[in-house]
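Q: Listed below are the residues making up each chain.
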Amino acid sequence: MFDYSLISGNMELFKFIYSFIVVFICAVIVLKTHKLFKLSLHQGIRYFRNAFFFFGIAFLFRYVLGSRWISQFIIGSENYFIIIILFEFFLIMAGFSLFYSLVWKRFEKSDKGSLSSLFNFKMLVFYVMSLLIAMLDSLWDTYLFMFLVQIILFLIASIISYRNYKMKGDKHRFLKFYFIAMLLSLTAWILNAILANYLSWNKGILLNVYLINIVVFVLFLYGVVKLTRK
Amino acid sequence: MARKRERLKVIQDILNAIRNNRNIKPTRLLYASNLSPQMFKDYVDELLNKDFVSLETDDKGKKFFILKTRGNDFLEEYRVIENFVENFGL
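Chain order of the listed sequences is V and U.
Position 197 (the first sequence) corresponds to 197 in this note's numbering; numbering is contiguous.
Numbers in this note's numbering are just positions in the second sequence, counted from 1, shifted up by 1000.
By construction, these hints were calculated from the structure, which means they are not laboratory data.
Note that beta-carbon positions come from the ideal geometry of N, C-alpha and C, so glycine has one too.
Heads up, some of the hints might be wrong.
What the hints assert, rightly or not - Looking from chain U toward chain V, a few residues come up when the C-beta cut is under 8 angstroms (computed):
{"hint": "1", "residue": "Leu-1008"}
{"hint": "2", "residue": "Asn-1049"}
{"hint": "3", "residue": "Asp-1051"}
{"hint": "4", "residue": "Val-1085"}
As the list claims (entries may be wrong) - To list a few chain V residues with every Cβ distance to chain U over 10 angstroms, as calculated:
{"hint": "5", "residue": "Lys-15"}
{"hint": "6", "residue": "His-42"}
{"hint": "7", "residue": "Ile-45"}
{"hint": "8", "residue": "Leu-136"}
{"hint": "9", "residue": "Asn-213"}
This is chain V alone, in the form it adopts within the complex (with noise of 0.2 angstroms):
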């Protein structure tokens, strides 16, 4: 059997390679599609594009930033509640961002959209609700509204990967693997919010939960590898 003792004692270098992982696949995701959007401009890909930019950004700041190594020299530990509004802050950009990437046909009349990628009407959107969500957690002293947000977002992202999956899955392979990324991203989100709220961040399950993450930021790794391949 798996002894998680062996992790959980050193659990901030754990979370330190942990992140330098995710970073790493999202920085690779992020050049692919980046490629792929200055070519064709197509408002999809932007946001998809968009969405690891944030997961990356979130990560940096959180296990690596935000290291107990790193962070006592950059802001101190009085100021760490900064750390974590950022982390929070660039979580839900991504999840709003990843969200999008799956809707923006139902909004938008135009594919043509904005000139820039983070600087427009429907980015500040973004970043108001994810600037308020990130805030009132912080007052509040809790994850939950993060955690409420992910879960919906992430619960409409599984229903219409679903039915993406459904409608095209025979002819598009990759559309069954996406929808297992945002049922195990769903997952994780829920077992979060009941290790926030009942479990005390249980070391053994809060190790599952970062093994989940490491396993759809792979699927789409290997999606972004495949598909972008000549």
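Once you've looked at the hints, dock chain U against the given chain V.
A: Quick look at chain U alone, frame taken from chain V:
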């Protein structure tokens, strides 16, 4: 009713028409693209701005389009882009 052509498909159709018909004139390209004149203008302006195509003038002063390297790259990558968009449901 036939589904509206997606933007990427329209661009591919225009670029293919230019590639397959050497020195194609604007009016012929308009017919080949199967777009309204206003939409055609929007797309052509975009393609010119993105340096996918250029509008040249021959010895007799007649205008024609040629495909540029970036436009050719787009056609090469089109299948990759289309496949990516479909597989991720974007």
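Q: All hints are to be evaluated individually against the structure, with a verdict given for each.
A: Comparing the hints with the structure gives:
1. Leu-1008: holds (6 angstroms)
2. Asn-1049: Not OK, violated: U/Asn-1049 not within 8 angstroms of chain V, min 11 angstroms.
3. Asp-1051: violated (12 angstroms)
4. Val-1085: holds (6 angstroms)
5. Lys-15: Nearest chain U Cβ is 29 angstroms from V/Lys-15, so the label holds.
6. His-42: Answer for V/His-42: violated, closest chain U Cβ roughly 6 angstroms.
7. Ile-45: violated (6 angstroms)
8. Leu-136: Answer for V/Leu-136: holds, closest chain U Cβ roughly 31 angstroms.
9. Asn-213: At roughly 19 angstroms from the nearest Cβ of chain U, V/Asn-213 sits farther out than 10 angstroms, so the non-interface label holds.
Going down the numbered hints, you'll see the structure goes against 2, 3, 6 and 7, while the others check out.
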